[in-house]
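Asks: Sequential numbering of the sequence shown, starting at 1, is according to our numbering.
Here are the in silico distance ranges between beta carbons for each label pair:
no., residue 1, residue 2, range
1, K858, Q231, 53 to 63 Å
2, G493, Q775, 16 to 26 Å
3, Q394, L159, 43 to 53 Å
4, G316, Q505, 41 to 51 Å
Calculated pairs, DSSO-like style, for lysine-lysine (alpha carbon to alpha carbon, straight line, at most 30 Å):
no., residue 1, residue 2
5, K791, K858
6, K812, K858
7, K791, K536
8, K536, K858
9, K851, K791
10, K168, K191
11, K812, K791
Note that these hints are calculated values from the structure, not bench results. All figures in this text were calculated on a predicted structure; none of them were measured in a lab. For each residue, glycine too, the CB sits at the ideal point set by N, CA and C.
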Amino acid sequence: MLAHNALIAHFKAHLQEGQRAIREHFAANGDAARLLVERCRLVDQVLCELWRELDLPASLALVAVGGYGRGELYPASDVDLLILLPEQPGSALTARLERLICVFWDIGLETGHSVRTIEQCLEEASADITVQTAMIEARLLTGDALLFQGFTAVLKASLDAPAFFQTKRMEQEDRHQRFSDTPYSLEANCKEGPGGLRDLQLILWIAQAAGYGRCWRDLEQRGFITAEEQQLLETCEAFLCRLRTHLHLHVGRREDRLLFEYQTALAERLGFSATATRRSSEQLMQRYYRTAKAVTQINAIVLQNIGAALFPPPEGPPQPINERFQNANEFLDVVHEDVFNHNPGALLEAFLLLQQHAELQGMSARTQRALWRARHLIDDDFRRRPENRQHFLQLFKQGRRLVQEFRRMNQLGVLGRYLPGFGRIVGQMQHDLFHVYTVDQHILQVVRRLRRFSMEEFAHEYPFCSRLLSDLGSPWVLYIAALFHDIAKGRGGDHSELGAVDAQQFCEDHGLAAADTELVVWLVRRHLLMSSVAQKQDISDPGVVARFAAIVGDERHLIALYLLTVADIRGTSPKVWNAWKGQLLEQLFNATRRFLLSNDSTLMIQGIIAQRQQEAMRLMRFFALPEKAHEGLWQQLDTVYFLRQSAEEIAWHACALHERIEIDQPLVRARINSLGAGLEVMVYTHDQPDLFVRMVGFFSRAGYSIVDAKIHTTRHGYALDTFMLLDVSGRDSDRAMISYIEHELGERLLRQAPADVPANGRISRQVKHFPIQPQVSIQPLVSLEADETGKLFVLSVVAADRPGLLFVIARKLADHGANLHTAKIATLGERVEDTFLISGGHLEESAGRVKLETDLLKHLLV
1 MLAHNALIAH
11 FKAHLQEGQR
21 AIREHFAANG
31 DAARLLVERC
41 RLVDQVLCEL
51 WRELDLPASL
61 ALVAVGGYGR
71 GELYPASDVD
81 LLILLPEQPG
91 SALTARLERL
101 ICVFWDIGLE
111 TGHSVRTIEQ
121 CLEEASADIT
131 VQTAMIEARL
141 LTGDALLFQG
151 FTAVLKASLD
161 APAFFQTKRM
171 EQEDRHQRFS
181 DTPYSLEANC
191 KEGPGGLRDL
201 QLILWIAQAA
211 GYGRCWRDLE
221 QRGFITAEEQ
231 QLLETCEAFL
241 CRLRTHLHLH
251 VGRREDRLLF
261 EYQTALAERL
271 GFSATATRRS
281 SEQLMQRYYR
291 TAKAVTQINA
301 IVLQNIGAAL
311 FPPPEGPPQP
321 INERFQNANE
331 FLDVVHEDVF
341 NHNPGALLEA
351 FLLLQQHAEL
361 QGMSARTQRA
371 LWRARHLIDD
381 DFRRRPENRQ
391 HFLQLFKQGR
401 RLVQEFRRMN
411 QLGVLGRYLP
421 GFGRIVGQMQ
431 HDLFHVYTVD
441 QHILQVVRRL
451 RRFSMEEFAH
461 EYPFCSRLLS
471 DLGSPWVLYI
481 AALFHDIAKG
491 RGGDHSELGA
501 VDAQQFCEDH
511 GLAAADTELV
521 VWLVRRHLLM
531 SSVAQKQDIS
541 DPGVVARFAA
551 IVGDERHLIA
561 LYLLTVADIR
571 GTSPKVWNAW
581 KGQLLEQLFN
591 ATRRFLLSND
601 STLMIQGIIA
611 QRQQEAMRLM
621 RFFALPEKAH
631 EGLWQQLDTV
641 YFLRQSAEEI
651 AWHACALHER
661 IEIDQPLVRA
671 RINSLGAGLE
681 VMVYTHDQPD
691 LFVRMVGFFS
701 RAGYSIVDAK
711 IHTTRHGYAL
721 DTFMLLDVSG
731 RDSDRAMISY
741 IEHELGERLL
751 RQAPADVPAN
761 GRISRQVKHF
771 PIQPQVSIQP
781 LVSLEADETG
791 KLFVLSVVAA
801 DRPGLLFVIA
811 RKLADHGANL
821 HTAKIATLGE
831 RVEDTFLISG
841 GHLEESAGRV
851 KLETDLLKHL
861 LV
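Produce the complete structure using the sequences and hints provided.
Replies: Structure, rendered in structure tokens:
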């Protein structure tokens, strides 16, 4: 027997040399399945030699369980072991086993181990489904074969296949929910996520527990899957196996998440190359998403088939629906498996029937399988047939299950076959740092949002949108626009224009009325317009509203665009939508609607000002202010102030300032935003150098992000500024911060202290690995305000979000002597698109604008 240190050194070297050789073989041939098997053989050999070298009793058994038991050891996976005992060990044997386990770790094996008798194994298995699952895949390495046979016989006898099926299925549902029930995450988990390796393993675990086999071939021979499905499963499994193997080797440790920082390297390892329009990582992830989609689809079919075998449905003949379909235990079932071959149009009819028959819970496994096999029948001739076009169009017009059936069509490959443009964006990820879904899933999310606007049970969530949609009529036209709005993503060029061409062809092919066709095409072409105007332009400027109204044209187009815009933003990412953006869109909608009714900019301006002043005076009377309390302040304010501020804000300012129009000390007032999220802060003080910079620095230090700023200078030289703030610190204590902001900001402005430099923070991983090239532009603004404010310019900034970004911009504006009038701060995930209305400095000279642009770009580079 070798001495302890020599034994450790010997086996450690053996293991390291063997693993190095395995990695070299893999680098040469790329065969991941072979790597897993070779690593198992290597570990088998080392463990068996160790067992003999340490002279463990012959009455014990060393057993591989879990993934190691089924013969799969990924480069960074644990080695799961069971040391099986005939009886409880004495102290001497316990010491020897403890030494064995220490040696495992000393030589570099990361083991997950248990030491149990057969009785203890059964007790643990009955209490923990995970333990039971691991034991199902037990494999004898060395030791007492009779003891191992007794263990497997007792375990098999104790298995309750129906109960195991139900528990594992619930376990899968819970696991999927942890990943938001979608395989289309930006940074998917290739093992545990929906459509990952665990979904494949679960099928085989259930099959083993039920005695249906241990591999895909066994399931095919027993009729649970077809030969085609067996081949697809093996292909998906091989891809996921290669991907996870490369992931472990690249990271150098156990990691199953496809994080941004790994995706490009993994894509290169797997042979993907960047093109002019798509990153290699995007191609890799599209392949992953399509694989995960296939896995989830077949997982559902196989589990439905096994479930039917374990839980036979009640006796009784199916109820006919028509000559092609029947109701079999509340599932849509084909009358025979060649229905789609004999009548290809039934491929779309099936989904229409699910919408029309509320009693149907879904499709039978037989129907899903037959439909999947027949999807290739959807070709150009199929798409040209009037009856098929009519069926597809009818899907939009049903009052129920639209999104559910479109998702099912996408899952089964039908939607992408019928609309080839949609097929190209299935599984396509856009690394724009604010979309969190693949393009196809985002489109279906937008359709889902629009559908919810039309449903009474969700009217309390979206009362304004629900009311507008009910007034619009023909909501199905909006669903078509939503389906096409991003369909041209990834083709290169303007996806809105390219998508409009696709939408035009679809509408003409499917016989839509001319007015509906025009609306759909216009919506696809203009679907980004309203969010851009609301978030980047000064929507209090009647000129902005007039130009927007000229593009919109009429109320029907306005309502449709507003609804699509809200659904689009809300279907992009939970982080992108907030109440402030909702308020901006609603303000633009209402202002445009008023303009369309009056169609006169001058009358509109006069009407808006008069209406706001009248409403503000009503509110001031509510607060018991004297009748003429506002006059002194209002005499110092220009037309622009009344256009930019709401009536409620005008009244708030008047209440705070009616007795202190001329003050020596800064006045700061804060309150909870009317939306109930964040704070609104008013600052009134003698104008002073770097005022905006000081306030930006203070708010940033206090943990707030400015989403809107309205900057005014009164006729007698006072700054009257209003800020909308959102808490980015996660502190959720806006009310408690009011007194702090009022006192501390007032003190800093009184002392004219140097600006607070925002605290340094980490740049997100997304920005590091998918950097955004900053863009800065300064353009003159043709504005109805120019007569009172001088020549105005629009500064647009696009950059990666980072701590202190607004402070940098504010500092540069101050350095160049530019005056700020409004600021619109739009954060889209990790990307900011900020717009500032500025004047002064040397902006009226082109050289001055170029100098400011250049200086900003220099300081915006991350």
